[in-house]
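Chains as they are written, first to last, in our numbering: chain P, 1 to 379; chain Y, 1 to 382.
Quick caveat, the hints were computed from the structure, so don't treat them as lab data.
C-beta atoms are modelled at their ideal positions from N, C-alpha and C, and glycine is treated no differently.
Hints are not guaranteed to be accurate.
If you want the footprint, here are the derived chain Y segments under chain P, 3+ residues with CB under 8 Å [claimed, not checked]: (1) 114 to 121; (2) 140 to 153; (3) 209 to 219; (4) 311 to 317.
Not everything, but these chain P residues come out facing chain Y in the computed CB check (under 7 Å) [stated by the list, open to error]: (5) 17; (6) 92; (7) 114; (8) 122; (9) 132; (10) 134; (11) 168; (12) 303; (13) 307; (14) 318; (15) 320; (16) 321; (17) 322.
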Amino acid sequence: MIVFKTFFKVLSRYKFSMIMYLVIAIAIITIMSGFNSSGNASYYSVSQGIIVLDNDKSEVSRGLIKYLETINYIYEDSFSDEQITDMIYYTKASNYLVIPEGFGAAFLSGTSTPLKIESTKEVDTRMGYTVEAEMDGYLKLTANYMKGGYSFKEADELSRESLADISAVNMVSEVVIQDDKIFTVFTILPYALLTLLCSAVLPVILRFGTMLINRRTGISSMSSAKKQIMIALASAIVTVGIIVVLIMMSSLLSGEMFTARWGLIAIDVLVFSMTAVMIIIALSSFGINPDAAPAITNIVALSFSFLGGIFVPIEHLGGTAKAIGQFLPTYWYSEAINRIKSGSSFTEILNCLLIQLLFGVMVLVIGLMVGKHNVKKTA
Amino acid sequence: MFLNILCKKLKICVNNKQNIFWTLMFPIILGTLFTIAFGGIFETYKFEEIKTAVVFDTDDEQVISNAKNVLENISNDGKKLLDIQYLEYAEAEALLKDGEKVNGIIRVKEDGKLTLDIISNGNASTIQQSIVTGYNQNVTMIEKVASEHPEKLGEVINGISKSTSYVIPKSLGGDNKDPFISYFYNLLAMTTLFASMHSLRIGNNTQANMSKVGARANASPVRRMSFQIAGFIASYLVSLAVVEIGLTFVLFVLRVEFGGDILMIYLTSALAALLGVALGFFIGNLGSFSLDKKEGILVGITLLGCALSGLMYGDMKIIIAEKAPIINKINPSAVISDSYYCLNMFGAGSRYFETVIYMVGLSLVLTIGGLLLGRKVSYDSI
Numbered sequence: 001m002i003v004f005k006t007f008f009k010v011l012s013r014y015k016f017s018m019i020m021y022l023v024i025a026i027a028i029i030t031i032m033s034g035f036n037s038s039g040n041a042s043y044y045s046v047s048q049g050i051i052v053l054d055n056d057k058s059e060v061s062r063g064l065i066k067y068l069e070t071i072n073y074i075y076e077d078s079f080s081d082e083q084i085t086d087m088i089y090y091t092k093a094s095n096y097l098v099i100p101e102g103f104g105a106a107f108l109s110g111t112s113t114p115l116k117i118e119s120t121k122e123v124d125t126r127m128g129y130t131v132e133a134e135m136d137g138y139l140k141l142t143a144n145y146m147k148g149g150y151s152f153k154e155a156d157e158l159s160r161e162s163l164a165d166i167s168a169v170n171m172v173s174e175v176v177i178q179d180d181k182i183f184t185v186f187t188i189l190p191y192a193l194l195t196l197l198c199s200a201v202l203p204v205i206l207r208f209g210t211m212l213i214n215r216r217t218g219i220s221s222m223s224s225a226k227k228q229i230m231i232a233l234a235s236a237i238v239t240v241g242i243i244v245v246l247i248m249m250s251s252l253l254s255g256e257m258f259t260a261r262w263g264l265i266a267i268d269v270l271v272f273s274m275t276a277v278m279i280i281i282a283l284s285s286f287g288i289n290p291d292a293a294p295a296i297t298n299i300v301a302l303s304f305s306f307l308g309g310i311f312v313p314i315e316h317l318g319g320t321a322k323a324i325g326q327f328l329p330t331y332w333y334s335e336a337i338n339r340i341k342s343g344s345s346f347t348e349i350l351n352c353l354l355i356q357l358l359f360g361v362m363v364l365v366i367g368l369m370v371g372k373h374n375v376k377k378t379a
Numbered sequence: 001m002f003l004n005i006l007c008k009k010l011k012i013c014v015n016n017k018q019n020i021f022w023t024l025m026f027p028i029i030l031g032t033l034f035t036i037a038f039g040g041i042f043e044t045y046k047f048e049e050i051k052t053a054v055v056f057d058t059d060d061e062q063v064i065s066n067a068k069n070v071l072e073n074i075s076n077d078g079k080k081l082l083d084i085q086y087l088e089y090a091e092a093e094a095l096l097k098d099g100e101k102v103n104g105i106i107r108v109k110e111d112g113k114l115t116l117d118i119i120s121n122g123n124a125s126t127i128q129q130s131i132v133t134g135y136n137q138n139v140t141m142i143e144k145v146a147s148e149h150p151e152k153l154g155e156v157i158n159g160i161s162k163s164t165s166y167v168i169p170k171s172l173g174g175d176n177k178d179p180f181i182s183y184f185y186n187l188l189a190m191t192t193l194f195a196s197m198h199s200l201r202i203g204n205n206t207q208a209n210m211s212k213v214g215a216r217a218n219a220s221p222v223r224r225m226s227f228q229i230a231g232f233i234a235s236y237l238v239s240l241a242v243v244e245i246g247l248t249f250v251l252f253v254l255r256v257e258f259g260g261d262i263l264m265i266y267l268t269s270a271l272a273a274l275l276g277v278a279l280g281f282f283i284g285n286l287g288s289f290s291l292d293k294k295e296g297i298l299v300g301i302t303l304l305g306c307a308l309s310g311l312m313y314g315d316m317k318i319i320i321a322e323k324a325p326i327i328n329k330i331n332p333s334a335v336i337s338d339s340y341y342c343l344n345m346f347g348a349g350s351r352y353f354e355t356v357i358y359m360v361g362l363s364l365v366l367t368i369g370g371l372l373l374g375r376k377v378s379y380d381s382i
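Take the sequences, apply the hints, and build the full model.
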């Protein structure tokens with residue numbers, strides 16, 4: 001029991017970093033849960049942020065902005081050049097449009113050389129082209145309606161109505177991908193889990209394994225096996241506690257609990273947690289100094305998360321990243337989430353769960369072998 | 001005497017191999033992984049002709065010819081928007097469903113209108129939809145004008161056939177516009193701030209009640225401040241070397257293009273390392289907590305700062321800039337990454353120098369604060 005109690009005593013020294021990692025995880029999850037992933041249940045136009053500087057303020061420019069606003073998010077506040085660059089660089093906005101003075105008058109005159117709208121975008125980005133295509137589409141259609149004998153007001157209304165008609169688009173996918181918040185929230189969970197386990201459980205286990213402590217406990221009446229069981233039990237309790245807190249928190253943030261897909265995701269989280277614990281045990285066998293725990297936490301959690309599609313979706317990663325990612329449990333965790341998104345059942349995500357466990361077992365075996373070698377060397 | 005202490009402190013810092021190893025491992029391991037993960041993402045943002053299958057559900061030569069003429073000539077900024085393949089529907093459907101080898105199928109119908117079959121939403125689908133909708137609306141418009149203003153029909157058809165553009169495209173300034181490069185800026189910020197671990201022990205090692213080394217130092221005739229300043233300089237020299245080696249690895253081995261003048265990037269890193277060491281020095285002198293607690297505080301500040309500046313989620317910085325801009329102004333990690341960003345996008349201008357002033361100013365405040373905190377600590381007296 002003394003080892004068990006001491007485990008929690010030592011753990012209390014790391015409560016500050018645990019709280020810190022929990023705060024970071026909650027902040028990231030909360031912010032990312034505000035974004036929708038791309039579902040395909042029905043068609044929708046992709047929305048872009050557009051910064052507009054309307055120097056014309058005519059009915060034509062207002063009509064154009066009103067049309068763009070039906071699809072996109074318009075920023076009409078006054079921004080400095082640096083702020084505009086920041087927004088485009090960080091993809092908050094795709095285009096910065098400057099409508100020149102006299103644009104409306106030139107447009108209404110029907111001249112063949114109209115005044116042009118300046119569109120600043122990150123060179124060659126699809127998002128930038130999308131907005132320009134939308135703008136040109138609206139202006140051309142309106143101009144042609146006007147050539148057909150309609151007033152600007154009529155032409156503007158006709159164009160907006162017709163361009164809003166998306167009945168020509170058919171979504172032909174056989175698999176419906178859902179885009180609910182629960183998937184975004186739970187996708188980020190492994191980062192929180194890894195950081196909390198690495199920053200809390202790992203340094204405590206490492207402290208028990210330091211040479212002096214090990215020697216002191218080695219000469220005590222308690223058998224090594226009992227000591228290991230106590231440490232394992234305490235680690236399991238902490239891990240279960242962390243999982244419960246994270247699942248509760250994520251469920252509250254996503255507003256979904258005890259549904260069939262929630263159950264599947266919870267199984268995915270549990271399997272990943274088991275794998276994460278195996279990774280922690282393996283790492284503790286390498287004789288690392290406990291003071292290195294913060295560094296290891298960051299390296300392990302960030303690398304697993306970036307290559308496993310936790311922060312950046314798997315489909316966006318390059319070929320090499322995907323190839324490497326397939327050897328990580330985070331990749332298969334994300335893959336299971338993606339399959340649940342597409343409506344897969346337990347049997348369809350089973351291989352993702354088994355691969356995660358396999359990874360854990362492999363790492364654990366390697367860790368134990370290294371640990372055994374280290375013990376022999378010390379002896 | 002001071003030089004003697006400095007040499008000893010330098011030796012102590014250099015012998016702390018574990019600290020040096022892990023600080024260096026951040027840019028090396030994570031930089032390599034970031035390069036692998038983000039290397040090709042920006043390329044996918046760039047516009048490429050959208051692979052589109054076109055299927056004719058009609059034999060009307062006029063309809064086919066009109067549709068071909070329009071679809072093949074749609075362009076923006078001199079670039080063709082669609083990469084067209086004319087196929088039978090079954091073949092096109094197979095390509096669409098087989099890993100999206102085409103992004104959509106445009107079907108030309110008997111009535112002259114188009115439909116679009118897609119399997120996912122996205123920018124490419126939105127562009128295809130705007131083309132299809134625009135085309136159909138031209139057909140509807142011709143029908144409408146023909147019935148309501150037939151005398152204007154010729155003018156409308158003439159207008160449709162002209163390729164008038166209302167947009168002048170302009171490109172954003174700056175050297176490297178890849179937004180994923182900001183992950184490397186934040187990685188460097190984290191490396192420089194984690195270099196603070198080198199100076200964290202200075203406080204405890206100069207206080208008699210905090211460590212044995214501190215007790216010995218206090219028993220010597222040398223002033224405590226000399227130990228502190230020597231420790232600070234030694235920590236800075238080691239941190240500087242580690243940070244610059246890490247930066248060199250990222251710039252020249254991984255070939256990450258930071259953007260901006262290379263000398264300025266190195267100087268910025270030197271200032272950032274100074275800020276990191278000053279932060280560690282200040283926290284090291286803060287109160288009489290154990291080293292573990294101080295380490296916890298330092299890791300917490302560093303990690304929270306890095307998370308808020310976008311190390312885990314790139315858009316975090318711009319979100320913070322919108323919701324609580326003051327955080328970006330005072331968060332050391334955000335300021336460091338912003339200084340690299342400024343060099344890339346705006347060069348060494350006023351915004352860059354604001355970040356430099358902040359780094360130097362905060363370093364001075366933290367260093368002086370640390371010295372004051374550790375100056376006149378008294379212990380048990382008779």
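Exercise. Just pull the numbers of the violated hints for me, sorted ascending.
Key: Structure breaks hints 3, 17.
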